[in-house]
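There are 2 protein chains.
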Amino acid sequence: MKILLDAMGGDNAPDATIKGAVAAINEIEAELVLIGKKDIIEAKSEEFFGKTLEEISDRITIHNAEEEIEMEDIPTQAIKNKKDSSMVVGFNMLKLGEGDVFISAGNSGALLTGATLLVGRIKGVDRPALAGILPAYHGKLVLMDCGANTNCKPINLLQFAQMSSIYIHNTLGIENPKIGLLNIGTEETKGNDLVKNSYQLLKKYSSELNINFAGNIEGREAFLGEIDAIVADGFTGNVFLKSVEGLGKFVKKSLKESMMHNILSKIASIPSLPSIKRFAKSVDYKEYGGALFLGVQKPVVKAHGSSDEKLFKFTIKQAEQFVNNKAVDKLTEIYESNENKEKMQEIKEFITKIENKE
Amino acid sequence: MKILLDAMGGDNAPDATIKGAVAAINEIEAELVLIGKKDIIEAKSEEFFGKTLEEISDRITIHNAEEEIEMEDIPTQAIKNKKDSSMVVGFNMLKLGEGDVFISAGNSGALLTGATLLVGRIKGVDRPALAGILPAYHGKLVLMDCGANTNCKPINLLQFAQMSSIYIHNTLGIENPKIGLLNIGTEETKGNDLVKNSYQLLKKYSSELNINFAGNIEGREAFLGEIDAIVADGFTGNVFLKSVEGLGKFVKKSLKESMMHNILSKIASIPSLPSIKRFAKSVDYKEYGGALFLGVQKPVVKAHGSSDEKLFKFTIKQAEQFVNNKAVDKLTEIYESNENKEKMQEIKEFITKIENKE
Chain A
1 MKILLDAMGG DNAPDATIKG AVAAINEIEA ELVLIGKKDI IEAKSEEFFG
51 KTLEEISDRI TIHNAEEEIE MEDIPTQAIK NKKDSSMVVG FNMLKLGEGD
101 VFISAGNSGA LLTGATLLVG RIKGVDRPAL AGILPAYHGK LVLMDCGANT
151 NCKPINLLQF AQMSSIYIHN TLGIENPKIG LLNIGTEETK GNDLVKNSYQ
201 LLKKYSSELN INFAGNIEGR EAFLGEIDAI VADGFTGNVF LKSVEGLGKF
251 VKKSLKESMM HNILSKIASI PSLPSIKRFA KSVDYKEYGG ALFLGVQKPV
301 VKAHGSSDEK LFKFTIKQAE QFVNNKAVDK LTEIYESNEN KEKMQEIKEF
351 ITKIENKE
Chain B
1001 MKILLDAMGG DNAPDATIKG AVAAINEIEA ELVLIGKKDI IEAKSEEFFG
1051 KTLEEISDRI TIHNAEEEIE MEDIPTQAIK NKKDSSMVVG FNMLKLGEGD
1101 VFISAGNSGA LLTGATLLVG RIKGVDRPAL AGILPAYHGK LVLMDCGANT
1151 NCKPINLLQF AQMSSIYIHN TLGIENPKIG LLNIGTEETK GNDLVKNSYQ
1201 LLKKYSSELN INFAGNIEGR EAFLGEIDAI VADGFTGNVF LKSVEGLGKF
1251 VKKSLKESMM HNILSKIASI PSLPSIKRFA KSVDYKEYGG ALFLGVQKPV
1301 VKAHGSSDEK LFKFTIKQAE QFVNNKAVDK LTEIYESNEN KEKMQEIKEF
1351 ITKIENKE
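If you read the sequences in order, they're chains A and B.
Residue 184 in the numbering used here is what sits at position 184 of the first sequence, and the numbering runs on without skipping anything.
Residues are numbered in the numbering used here as their position in the second sequence, beginning at 1, plus a constant of 1000.
Keep in mind the hints are simulated off the structure, nothing from the lab.
As the structure is a computational prediction, the values presented were derived from the model and not from experiment.
Please note that a few of the clues may not be correct.
[Unchecked claim] Ranges of calculated distance between the beta carbons of each label pair, as one might list FRET restraints:
id : chain 1 : residue 1 : chain 2 : residue 2 : range
1  : A       : 175       : B       : 1084      : 48 to 56 angstroms
2  : B       : 1072      : A       : 352       : 15 to 23 angstroms
3  : B       : 1126      : A       : 207       : 41 to 49 angstroms
4  : B       : 1324      : A       : 350       : 52 to 60 angstroms
5  : A       : 352       : B       : 1048      : 58 to 66 angstroms
[What the hints assert, rightly or not] Once the Cα atoms are required to be at most 20 angstroms apart in a straight line, the calculated EDC-like pairs of lysine to aspartate or glutamate come out as:
id : chain 1 : residue 1 : chain 2 : residue 2
6  : B       : 1196      : A       : 73
7  : B       : 1153      : A       : 193
8  : A       : 196       : B       : 1073
9  : B       : 1140      : A       : 245
10 : B       : 1204      : B       : 1100
11 : A       : 190       : B       : 1072
Ideal Cβ placement from N, Cα and C applies to all residues, glycine included.
The shape of chain A in the complex, shown without the other chains:
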């Protein structure tokens, strides 16, 4: 297996990508290809470790790419014009089979555009979307879409439910994972037009598509471990994700201040530090890595833009697992089956009928 890593992508690149790669290499079996400016990467490696990456491990190589896609670049233009950027080179290698998975922490818009344009959608998937894995009470919670599609239709949310179901079954080994629809109440009549219509679609077609639909889920119930995935349009999903990150930060800051309140509380907190650390780890979203871009023909992982060494290491390990679990193969097999194609056709006709009625 070969993991392709965009060495120039993210706020802390290339320092964090290089350090993350070195930290990960002894914990994975795959080869690792860093894509970016070879001179810079080699100089940095000498600076950090006193030797070249190839001297550190024969499973790390560098693939030169002279350009970079910047955070402020316009996605479609960047993908079209920066042919020798680390991101475009990475996608082309993935497409040609010169690697099994591509990881980047760079410009999110460009990553999604590039994956769709250069790697291509799985036939039958209308909109690929980002599936993120969050910590939940005694388990994990998949959130899809984390932010790829700001405007969605009910058919998209139905497919997000189907894709996350297949993904969870294949990677986490959960039989009939429970999929909830992110809403502001549990009743059928709650929500905006998009979620109301998506609810109707999920209710009608879930069992035929092997989705274990758990109905509407409010954000406050999402983390209690009762569901395995939550689906939403990319705008709402991203608001959800970032609120949770925001509160996580606030919680850590407040907890630290409570402990450091005065000299007595400082001393008092010493014996419980191991517990506090265990707790802090359980709410640290950095422990939970990148989001998978599900619905494209090859595995693409969007790493957190602010990833540091530790998070790149984690995301690289996660990418290896993702390839091993063959979730993309399974998604492709199901979506390209005649049965699923016919079902999607039927669903789209049903939607047209509903919309004409309104």
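Fit chain B to the known structure of chain A by using the hints.
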């Protein structure tokens, strides 16, 4: 001052409303009127305290109302047909000046419908909305709309920004409060159509409307104490609110488990319990009470549906402050001024022009 309390509204009513009223009465100066089934309220009071409410305080009275609006009632029908329900009676008393503020933890849809239909909007406010007060790092964060309007237009978000600004200035005494627009990125080009258009409107008209517009705010930055209010449509705002509540619950559960991990960590946690308690209090959304329905002609407070005795007590105290701060008077004065009316007219013409261009 007279505070009107819907004694029958909420998951824990009337037990929690009665106990909350008794707990609050010595910490407020206002009179308190419990609206609901007199027989039941009196019997409960005897049961809980061994005496009638009037014997407990001469500032507590009961106003009889024979009907109740249930959680599953359809809002408009309930408000129209249940004329002798505690909620409709409460609104009518508020309208007639027989009370200064109305609090209810009952059916949210009915509360918002009743407030708009029976009490009436402030002229010039297109959509009243719920302003909630959340804890933030070293301060408070106002969120508007918490969930009253699931589908919004840019003019609504502009008015939410203006109303929350006036409200914060009047009640929290903050000069030029900073108002952010809830979005999934900080750049102007980010977000769905609603927030993109709202951004343009806020950018163009903020200074003329005395709004200190801080631009787009991501959920993860919202709690860091850098802004005073965040505006969103009611669907997105409610998702934000409930995600935060959900993570709060998960955090508390995880923290408790980390502490109770084994006998050693249990013993170790004893000295730091005061710190932990201080922390738990800072993330307890129950400490932060009800949401104010801003944009109607009289003060209306929506208490949390699952309010317990403690939260009703807090919300009653909050309602008293709300009346004392005269935020509704100030909102009315500004919105009914010719200057603001003309400005709103101009803004609406601008929106029409923009929409026709698209």
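Results of checking the hints against the structure:
1. Evaluation of the 48 to 56 angstroms hint for residue 175/A and residue 1084/B yields a pass: the beta carbon distance comes to about 53 angstroms.
2. Range check, residue 1072/B to residue 352/A: about 33 angstroms between beta-carbon atoms, so the 15 to 23 angstroms window is missed.
3. Distance hint for residue 1126/B and residue 207/A: a CB-CB separation of about 43 angstroms, consistent with the stated range 41 to 49 angstroms.
4. Distance hint check: the CB atoms of residue 1324/B and residue 350/A are about 56 angstroms apart, consistent with the given range 52 to 60 angstroms.
5. Checking the proposed 58 to 66 angstroms range against residue 352/A and residue 1048/B shows it holds: the Cβ atoms sit about 59 angstroms from each other.
6. At roughly 19 angstroms between alpha-carbon atoms, residue 1196/B and residue 73/A fall within 20 angstroms of each other, so this suggested pair holds.
7. Restraint check for residue 1153/B and residue 193/A: satisfied, since their Cα atoms lie roughly 14 angstroms apart, inside the 20 angstroms limit.
8. Between the alpha carbons of residue 196/A and residue 1073/B the distance comes to roughly 19 angstroms, so the proposed pair stays at or under 20 angstroms and holds.
9. For the given pair, residue 1140/B sits about 18 angstroms from residue 245/A by alpha-carbon distance, which is consistent with the 20 angstroms threshold.
10. Between residue 1204/B and residue 1100/B the CA atoms are separated by roughly 37 angstroms; this puts the pair beyond 20 angstroms, and the hint is violated.
11. For the suggested pair residue 190/A and residue 1072/B, the alpha carbons sit about 12 angstroms apart, so the restraint of at most 20 angstroms is met.
In this structure, the hints that do not hold are numbers 2 and 10, in rising order.
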